Structure formats: structure tokens, C-alpha cells
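Going line by line, the protein sequences match chains H and D. So in this note's numbering, spot 166 of the first sequence is number 241, and the numbers just go up one at a time. So in this note's numbering, spot 146 of the second sequence is number 221, and the numbers just go up one at a time.
Errors might be hidden in some of the hints.
Copies of the same chain look alike in the list, so a pair counts if it works inside one copy or between any two.
Straight line, CA to CA, 30 Å or less: simulated DSBU-like cross-link-like pairs of lysine-lysine [said to hold, decoys possible]:
#: 1; residue 1: K253; residue 2: K360
#: 2; residue 1: K253; residue 2: K224
#: 3; residue 1: K224; residue 2: K391
#: 4; residue 1: K296; residue 2: K224
#: 5; residue 1: K296; residue 2: K391
#: 6; residue 1: K253; residue 2: K296
#: 7; residue 1: K360; residue 2: K296
#: 8; residue 1: K360; residue 2: K391
#: 9; residue 1: K224; residue 2: K360
Since the hints were derived computationally from the structure, they do not count as laboratory data. Source: prediction; values computed, not measured.
Protein chains: 2
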Amino acid sequence: MRNGRRDGELVVVRGDGRVCAPASRIAPTLQAALDDWERAEPGLRELAGELGRGAVHGEPVEPSRFQAPLPRAYEWIDGSAYINHIVLVRRARGAEPPATLRTDPLVYQGGSGVLLGPTDDLRLVDPAHGLDFESEIALILGDVPLGVKPADAGRHVRLVTVVNDVTLRNLVPDELGKGFGFFVSKPATAFAPFAVTPDELGDAWRDGRVYLRLRTSLNGKLVGDPEAGPEMHFSFFELLAHVTRTRALTAGTILGSGTVSNEDPARGVSCLAERRMRETIAQGKPVTPFLVAGDHVEIELVDRAGRSVCGRISQKVVAR
Amino acid sequence: MRNGRRDGELVVVRGDGRVCAPASRIAPTLQAALDDWERAEPGLRELAGELGRGAVHGEPVEPSRFQAPLPRAYEWIDGSAYINHIVLVRRARGAEPPATLRTDPLVYQGGSGVLLGPTDDLRLVDPAHGLDFESEIALILGDVPLGVKPADAGRHVRLVTVVNDVTLRNLVPDELGKGFGFFVSKPATAFAPFAVTPDELGDAWRDGRVYLRLRTSLNGKLVGDPEAGPEMHFSFFELLAHVTRTRALTAGTILGSGTVSNEDPARGVSCLAERRMRETIAQGKPVTPFLVAGDHVEIELVDRAGRSVCGRISQKVVAR
Numbered sequence: 076m077r078n079g080r081r082d083g084e085l086v087v088v089r090g091d092g093r094v095c096a097p098a099s100r101i102a103p104t105l106q107a108a109l110d111d112w113e114r115a116e117p118g119l120r121e122l123a124g125e126l127g128r129g130a131v132h133g134e135p136v137e138p139s140r141f142q143a144p145l146p147r148a149y150e151w152i153d154g155s156a157y158i159n160h161i162v163l164v165r166r167a168r169g170a171e172p173p174a175t176l177r178t179d180p181l182v183y184q185g186g187s188g189v190l191l192g193p194t195d196d197l198r199l200v201d202p203a204h205g206l207d208f209e210s211e212i213a214l215i216l217g218d219v220p221l222g223v224k225p226a227d228a229g230r231h232v233r234l235v236t237v238v239n240d241v242t243l244r245n246l247v248p249d250e251l252g253k254g255f256g257f258f259v260s261k262p263a264t265a266f267a268p269f270a271v272t273p274d275e276l277g278d279a280w281r282d283g284r285v286y287l288r289l290r291t292s293l294n295g296k297l298v299g300d301p302e303a304g305p306e307m308h309f310s311f312f313e314l315l316a317h318v319t320r321t322r323a324l325t326a327g328t329i330l331g332s333g334t335v336s337n338e339d340p341a342r343g344v345s346c347l348a349e350r351r352m353r354e355t356i357a358q359g360k361p362v363t364p365f366l367v368a369g370d371h372v373e374i375e376l377v378d379r380a381g382r383s384v385c386g387r388i389s390q391k392v393v394a395r
Numbered sequence: 076m077r078n079g080r081r082d083g084e085l086v087v088v089r090g091d092g093r094v095c096a097p098a099s100r101i102a103p104t105l106q107a108a109l110d111d112w113e114r115a116e117p118g119l120r121e122l123a124g125e126l127g128r129g130a131v132h133g134e135p136v137e138p139s140r141f142q143a144p145l146p147r148a149y150e151w152i153d154g155s156a157y158i159n160h161i162v163l164v165r166r167a168r169g170a171e172p173p174a175t176l177r178t179d180p181l182v183y184q185g186g187s188g189v190l191l192g193p194t195d196d197l198r199l200v201d202p203a204h205g206l207d208f209e210s211e212i213a214l215i216l217g218d219v220p221l222g223v224k225p226a227d228a229g230r231h232v233r234l235v236t237v238v239n240d241v242t243l244r245n246l247v248p249d250e251l252g253k254g255f256g257f258f259v260s261k262p263a264t265a266f267a268p269f270a271v272t273p274d275e276l277g278d279a280w281r282d283g284r285v286y287l288r289l290r291t292s293l294n295g296k297l298v299g300d301p302e303a304g305p306e307m308h309f310s311f312f313e314l315l316a317h318v319t320r321t322r323a324l325t326a327g328t329i330l331g332s333g334t335v336s337n338e339d340p341a342r343g344v345s346c347l348a349e350r351r352m353r354e355t356i357a358q359g360k361p362v363t364p365f366l367v368a369g370d371h372v373e374i375e376l377v378d379r380a381g382r383s384v385c386g387r388i389s390q391k392v393v394a395r
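Start from the sequences, fold in the hints, and give me the full structure.
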């Protein structure tokens, strides 16, 4: 929660997302808790229990007072684990999917120094950039050694959260054409207000995947609610094995799933690029524009009971 | 300096690099000083002055006790500003330089969660990976707003240091072929023990370039001492304008120059890939192997008086 400092103050949020209590006596910030998880976790769990049964009262959750769980992080690594997304988006920019599409995970190193909170504005630096959202699930990790195996990856997962991996579509082709990956085409990424321990997901967390729907709305209208589990080709555990092939990761590293995407068009989209490609296939050209000033993007992960698991990303697009 | 904690302890080093004094009463870590530079800088300069004139005694510098200036950083962004390096290395892997080689800077987002200290071993996970060093200069920045102009970039530069941007050459072609840039081909980057304020460089720091030689030795033999200034096509100020086109940077972000490289073969190389390409041009095939276990890489920036400006990177290659 915002407290005027760079990393904010750590709070524990009640299961219904309505009430929170300061946790700074256990660890001042989430990064501090992750740095010393074995020591911090029991106290955080105890406080969550007290909050759940009313032994601690806490205060009402006000989303605009929340920053990203880690407002600055040591690493933000994003996979692209949904094959349907890769195929549609590459088709949209006239590029072929890599030959190793189903055997070698696609990941990119994102900028992690400035991460947006759930209600921070999306700044449209230039409308010609083609501003787009990308709704994703992400893990926050503990220390991960070099060369972790998928079967051992689960023990390094600390928290699950939701991400808006903002992309400037019209800057992507030239930038990837230079060969060094994304940079100016990826402005600051935004995060849901809360991050939950995997056990909070119950059996919806299994095999390194989250078997829940990720809902995205644009200007109050649902644009997609794909299932995040079944079509995640590479699990988070496989992504984690891939990204530690040649180096270790430090506590607080964030690992994203890539844009959640289902083959079934009825499940809609988690980014406008996919919708535009579906329109092109159906009608010969895209109809939906990229984001413009005044647009409102909302993203949330919902459980089987309809509960918002990590709270809602709710961002307005503003002209620079 | 190592103190058993993740970020170590901030020390101030005397101009000759031989003696240092703890600065933790001013700021516990370098990141803490960068977070609050306006407050920390005067005290750090005062301590440096006292150390210089013997009013504070300090203790002898022992390089192995030094970590990277930032053992974990919020962002590590590496440019590739030396045209000669781009042309030679792309030729080595049969790829064309981008059409915008001289107009649009090449940068990549590096992993910053685990940064190696100056004497940390280089781990050879698999000899087939083609382990190579890359000697570079890097800046450590303060907070940088979105859209900084080259003429205003200098005010955001806090420190200058030296980097070994380790690369696994044989993993590069397939990884860049996937389109998302480097990841497993870039293991942890290593840093010189010290970082200096730009004024320590005198008139060798001008126009956003460092006009000094960067010396690299392999197994005690000099392999290159190129001039870092004249052939840096995009200055650090131009790189900084490029990387803030669509987002802001947080204090402690590290910005690299790319492998320092001169057209004149007499100046040698700052990476083995360049030497192998020069051998291929001259003799039809590369002769120099990539690094093997037991090899010893040393990198340092030397001033006109022969002084090592940031101390020496001195790393042994060890089998995993």
C-alpha cells in the first residue's frame, strides 16, 4: 500500500479482498518478506488467519491506495506460453511463428524498474504507437538456483498475481526486426493490487498452471474470459526450468505466462491485437482500433465462485 | 563490500583504489544512496575528501571482498553503440546488421537480479555454449523521467563503472531467431569493484562518452585496449533518450555501452567473437577457442596516467 516510499508498505488482505491489515511489524515491504520468506511467512499466515476470523479488524481496501505488489522489482521475465496467441499475433504482423514453437519456450526480459499499480493511468505517448493491453497471470518467485528442474520448480513459487503487459503494437515489428527483442515497444507493466499464495487457489493451482478464467473488460464491456489453464502449452514450471538454464534468479523475480488465449473465439481475447487478427480473418481488415485516450481497461482473475482472486486492474488511458 | 547481506555495505574508495572507508552512516547500501542521492551525495563526497587527505584512515582494499556495486539492480539495459562490434559479430553468425544501424540504437534488456562481483567465477554450464566475455563501460543512473532529451541526459548520470557482459555465443543464433531477444544466451553479468562519479574522469568524460582505453587480458596476455570514446556511435546521452522514449527509469538502473570496439585491428578486441571473425576474414576460419575452464579474464578502464579507474574485473572460468 502506498506510504510515500518507493516500495510502499506491506499489508495482508482478507480472502474476500475487502479488508486489509498492516504487516510492517513482520516485514516492511513485500520485497523484504521475499528476501527472508522462511522467517516472514509464518507471521504473515498468522495475520491472515486473524484477519479472516475477525481477531484483527483491519481497514477497508481502497484500490487506488494500492501500488503493484512490487512497485520496482529485480526482474520481470515474461513467457509467451499460449500457442494460440503467438500464432494469431505473428500472423497479424506478417511474421512466422518460430519453428520450435511447441518445444522451446518463448520468453523476453521485461523492464522491472517502474511497475504500475492497479489504478495507475496508461499513458498514451503517441496514438500512432498502437497502445494495447495484454492480460496475463504471473508468479512472484523466491530465490531460484541455476538449472532447476520442472519437478522441483513449485517450491520456488511464492505468490500468484495478474498483469497488464502493456504493448505498443506499431513499434513491435521494427524493434523485433533489429534482432534484440522488445524495448521501447514495452512501456511499464501494470499489476493487480494483491498477490496470493498458491494454496489460496486450491485445486485451481496444479501442474504449474492456474485453472481459472481471466476476465478482461474494455469500457465496461467484457472482451474476453479465457481459461488460463488448459491451453497454457508450457507450464510455469517448464518456463522456470527454461529461464534458469544458464543463470539463477533472485527473490522477487516475477515470471509471466504471456497473454492468456483460447482457440475458441467464444472466449474472446486478452489483447486487441488478437481481436484485430480475428477480424482480419473474418472480414479482410481489422475494425477494432487500438486504445485511445479515455478508454478503460479492467482485468481480473475470477475463481469458480466468482470471487476476484487478486483484485482488479482498472486503468484509464490518458494522453501524455 | 560483502557483509553477508544481499546488497552488501556501501564504502567510499580513495582515488588510488587502495583504501576504503565504510559509508553506512550516510547510506547502508549503494541502492539506498541512489534512492536519496541529493541527501547522500554531499556526505559521500565529504568522506571521499577526508579519505583523500588522510583525515580518515580506512582499510586496505581487498578486491575479493567486493561485490558488484549493485549486487542486484532494478534494471540492466545494455546498448550496442560500437558499430564495428555489431558489423563483425553479425558477420560471424551470418546475420545482416539492421538497416537502421546508424540511426536507431540497438539495446537489449538484461537480467539484473543476480549481478556478479569482480572476482566471482564465470561458471561454464556447458562448454558447447561458447562462453565469451564482453568488456563494456556502464553508467549507474538516478531516476530518469519519460522522454528525456540527449541535452538533458547528463544530469541523470550518477556513476560510471565497467562490465563483463558475459555471452554464450552458440546459444545466440537460435535464441535471436525466435524473435524475442537474448535470454538464456546471457548469463549473469559481472561488474568492476568500484563505480566513480563522472567528475573523477575529468575531461575524459564528455559528450556522454568516456575517452579512455578499456583493457582486456586473457590468461595474463593483453587481448585489447580500444579507445572507448571516439567510435561510440551513439553516446550514452543518445542511448538514454532512446530507452526513455516510452517509459521512465528508476534510480539504480544500469545502462551499458555495448562491447567497446575499434576498427583498427591493432587495438585488439573486447570479446572473443570479434577475434574469431577477424581470424575468419584473414585465414578462412576461427582459430581462437571460446573460454574453457581455467581461463582467466581481466578487464579494467585505465586513465591517461595508467591508473585503474574502477578497479579490475578478474574472473576465473570454472566448470559447473
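Evaluated hints:
1. K253 - K360: both (27 Å within a copy, 27 Å between copies)
2. K253 - K224: between (33 Å within a copy, 23 Å between copies)
3. K224 - K391: between (40 Å within a copy, 27 Å between copies)
4. K296 - K224: neither (41 Å within a copy, 39 Å between copies)
5. K296 - K391: within (14 Å within a copy, 58 Å between copies)
6. K253 - K296: neither (37 Å within a copy, 35 Å between copies)
7. K360 - K296: Result: close within a single copy only, 22 Å intra versus 61 Å inter.
8. K360 - K391: within (27 Å within a copy, 57 Å between copies)
9. K224 - K360: Neither: 44 Å inside a chain and 38 Å across chains, both beyond 30 Å.
The structure is inconsistent with the numbered hints 4, 6 and 9, although it conforms to all the rest.
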